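K.L.:
Chain by chain, the residues run as shown.
There are 2 protein chains.
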Amino acid sequence: MDEFDAIARLLAPLALGYAGAFELRDDAALLAPVAGPGHVVTTDTIIQGVHFRRDDPPETIARKLVRSNLSDLIAKGAVPVAAMLNLSWPHDRDGAALKAFVAGLGDDLSVLCAGTPLIGGDTTALDGPMVAGLTLFGRCAGGRPVLRRGAAPGDAICVTGVIGSSFLGLAQLDGRLAPPLDPAFSEVYRVPQPPPLAFAHVVAAHGRASLDVSDGLIGDCGHMARVSGVEILLDLEAVPLHSAAGTWRDTHTDPLAATLALLTGGDDYQVVMAVRPPSLGAAIAEARELGVSLTRIGTCRSGASVRARWDGRDVTAEAGAGGWRHRLG
Amino acid sequence: MDEFDAIARLLAPLALGYAGAFELRDDAALLAPVAGPGHVVTTDTIIQGVHFRRDDPPETIARKLVRSNLSDLIAKGAVPVAAMLNLSWPHDRDGAALKAFVAGLGDDLSVLCAGTPLIGGDTTALDGPMVAGLTLFGRCAGGRPVLRRGAAPGDAICVTGVIGSSFLGLAQLDGRLAPPLDPAFSEVYRVPQPPPLAFAHVVAAHGRASLDVSDGLIGDCGHMARVSGVEILLDLEAVPLHSAAGTWRDTHTDPLAATLALLTGGDDYQVVMAVRPPSLGAAIAEARELGVSLTRIGTCRSGASVRARWDGRDVTAEAGAGGWRHRLG
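So the protein sequences, as listed, match chains C and F. Position one of the first sequence corresponds to residue 1 (this note's numbering), numbered consecutively onward. Position one of the second sequence corresponds to residue 1001 (this note's numbering), numbered consecutively onward.
Chain C with its partners taken away, still in its complex shape (with noise of 0.2 Å):
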């Protein structure tokens, strides 16, 4: 199969009709405006060997692109209206894989994202890893979206869901933890669960700086606080862990690192949220009404860093703040 075919017998149904991606069959979509001061943009690359494993199921492969790219979208408070893809696929990756990709892909942007179609992209062939992106259009939930910038002194710090347990999945995929913990953190590890859609009102509504937990919780805690000018002060132990997680965390020989391991991971695709607290009881009410834990860690002041603390002492930000990194060059 080329990749003319694939485009037109795979990914075509994918368009749902939009009229402007004129059924994948132009090398241009035409992007409808919409209410608000403009389309939310966002962009994220998976790749084999760095995001997910070589043997992860291509179903699973696609529904982490789209999530974490769908994360990124709510954490600004934003819903998504249309999708693109670039997909470069390894020569050794059989007819059967793509189709499987494409079902994964498809069902994530109907289901999860609400009917969101695919209004085109670029589809290549490579001798490497596989290496997939995705741009995921939104619009504001609110009037505006919620940046990494705008947290000040004196707001809580929250959280969504639980931290580490991509981290424990990821751990124990690769033979490193015996015995190993749970299936279910391998699951998260290849479809993360990022809160529904829903969950854009309240970061719209009570967000004053958020962004996705993709580089590590401390890692991407950084990003606000230097973004915004605070310095966030962390409390490790007020972090939500999943209880199998908390259990290994508390039976370590060194509870700290291991709570930094968790810390420092990424891959969680959680919000974090700066919000003022008289907001606070209204917006973890209301994410309860959608079924999302909202759990305060932390508290912003004067500053531009990140400053943790575990059992009543400061843990030196080296420790944990470089999150996720790649090198580049």
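What the hints contain is simulated information worked out from the structure, not anything from laboratory work. Hints should not be assumed to be uniformly reliable.
Stated by the list, open to error - Stretch by stretch, here's where chain F covers chain C in the computed footprint (C-beta under 8 Å, at least three residues): (1) 36 to 42; (2) 84 to 90.
To be verified - Capping the alpha-carbon separation at 25 Å, the derived lysine to any residue pairs in SDA-like fashion look like this: (3) F:Lys1099 x F:Ala1012; (4) F:Lys1099 x C:Lys99; (5) C:Lys99 x F:Ala1012.
What the hints assert, rightly or not - Okay, the calculated bits of chain C under chain F, using three or more residues with CB under 8 Å as the criterion: (6) 13 to 27; (7) 145 to 154; (8) 192 to 205.
Since this is a predicted model, take the numbers as computed values, not measurements. Beta carbons: idealized from backbone N, C-alpha and C, even for Gly.
Model the placement of chain F on the given structure of chain C, informed by the hints.
P.N.:
Same frame as chain C, now just chain F:
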């Protein structure tokens, strides 16, 4: 240098102060509305070993990335307003190479694309070939984008510039041309020369259907023919060539085979469009004012394929209609 430093130091100036780029310090951008029916969006990925050679200068790789996308936009009758970059950078390329890449990117966005800001994207590092994707957002020069569909029986088929120079350039760089022809061909392979931005107005005013020549002239005419539902009668001898390419063709042992190689090689990044005969003179004259040669190379009739003619005879469609295809599984 890690990805955050790279973004901050090297790429941020390319945002050119665009408000919604947030100085490239956020994980999303805000794409401001444009006049007209919406944004024309196009994206193309180029891969080391497929679209460029391992030893091409990084600065020219970036220019090829911009230009391969720009030709798509111009062919739709649109001019760029913003760009996003997805860069997967190999571990084995150093910071100086990254700097050169960004210099080429910045220069083409600012000069060739008349100050198009880079509003976002993502950067990752990989063990494998360089993979670089660009997404261009444009506004229609006319009231709507010009599509692959829309050609009708009776329309003239025209192409900008010359065809086949990039094919010769690659053959020359690979040492497959003895003796080599002209260093200019290698340069065109590395740095394509699409029509200037202003040509989008000619497309918008006179094009009934249009696309860029990236897969190869015959294959791309095939796209237009199938989607428009016309037969394109292509006069292979009328296709404009660089004079040295014409000499190479004419002195070849098999001039037809040589012609088909030039017309299926791809990587031309010229514009092929269908024009109603009454508009043809005006289109050619307006192109000439912009320094662009626009040459009639064929005619549309009823049907849905390409019929290539050479020396008064039909050339079988299979000989050249394949274009440059990438196998996908």
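K.L.:
Just pull the numbers of the violated hints for me, sorted ascending.
P.N.:
Violated: hints 4, 5 and 8.
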